[in-house]
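Here the protein sequences line up with chains C and Y, keeping their order. Take my numbering: the last position of the first sequence gets the number 64, and nothing is skipped along the way. Take my numbering: the last position of the second sequence gets the number 164, and nothing is skipped along the way.
Think of the hints as simulated: they come from the structure by calculation, not from any bench. None of the values given here were measured: they were computed from a predicted structure. Among these hints, one or two may not hold up.
What the hints assert, rightly or not - With a Cα cut of at most 27 Å, we get these calculated BS3-like pairs of lysine-lysine:
{"#": "1", "chain 1": "C", "residue 1": "Lys45", "chain 2": "Y", "residue 2": "Lys145"}
{"#": "2", "chain 1": "Y", "residue 1": "Lys109", "chain 2": "Y", "residue 2": "Lys142"}
{"#": "3", "chain 1": "Y", "residue 1": "Lys142", "chain 2": "C", "residue 2": "Lys42"}
Stated by the list, open to error - Only part of the chain C face toward chain Y is listed, based on derived beta-carbon distances under 7 Å:
{"#": "4", "residue": "Asn5"}
{"#": "5", "residue": "Tyr7"}
{"#": "6", "residue": "Leu8"}
{"#": "7", "residue": "Leu16"}
{"#": "8", "residue": "Glu19"}
{"#": "9", "residue": "Ala22"}
{"#": "10", "residue": "Ala23"}
{"#": "11", "residue": "Pro26"}
{"#": "12", "residue": "Asn29"}
{"#": "13", "residue": "Val31"}
{"#": "14", "residue": "Asp40"}
{"#": "15", "residue": "Met41"}
{"#": "16", "residue": "Ile51"}
We put the beta carbon where it would ideally sit given N, CA and C, even for glycine.
2 protein chains.
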Amino acid sequence: MCESNVYLKQGDHEELVMENVAAITPAENGVYVLRGLLGDMKEIKGTLADINLMAHRIVFTDAS
Amino acid sequence: MCESNVYLKQGDHEELVMENVAAITPAENGVYVLRGLLGDMKEIKGTLADINLMAHRIVFTDAS
Numbered sequence: 001m002c003e004s005n006v007y008l009k010q011g012d013h014e015e016l017v018m019e020n021v022a023a024i025t026p027a028e029n030g031v032y033v034l035r036g037l038l039g040d041m042k043e044i045k046g047t048l049a050d051i052n053l054m055a056h057r058i059v060f061t062d063a064s
Numbered sequence: 101m102c103e104s105n106v107y108l109k110q111g112d113h114e115e116l117v118m119e120n121v122a123a124i125t126p127a128e129n130g131v132y133v134l135r136g137l138l139g140d141m142k143e144i145k146g147t148l149a150d151i152n153l154m155a156h157r158i159v160f161t162d163a164s
């Protein structure tokens, strides 16, 4: 399927925040709401750095 | 495949900017570089509004 994994990059360190994300919606103050297919949900705060749909990778950098 | 179509929304009007986008990379000043599988490329200026990977839809709103 076409979900992507979402990562948060801080310096050289990259952390997997959520697997199989189906939708991403910006909220307030640099927060994004990540939604999975089954309604699972997480928030991430950062700046969008890269979307690679073929690699199923979406990377945010830590905004702090 | 898992490419998405990218749209630019201005008020109630939504325009298809590029079909089958495989990767999106933020550039300077609210500009994003859209890349297709075959190396085709376009730039869009706006604010990310929604990513829906199941519907293969990524929507930006016009920043002007």
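- prompt: Okay, which hints does this one fail, numbers in order?
  reply: Hints 3, 4, 5, 6, 7, 8, 12, 13, 14, 15 not satisfied by this model.
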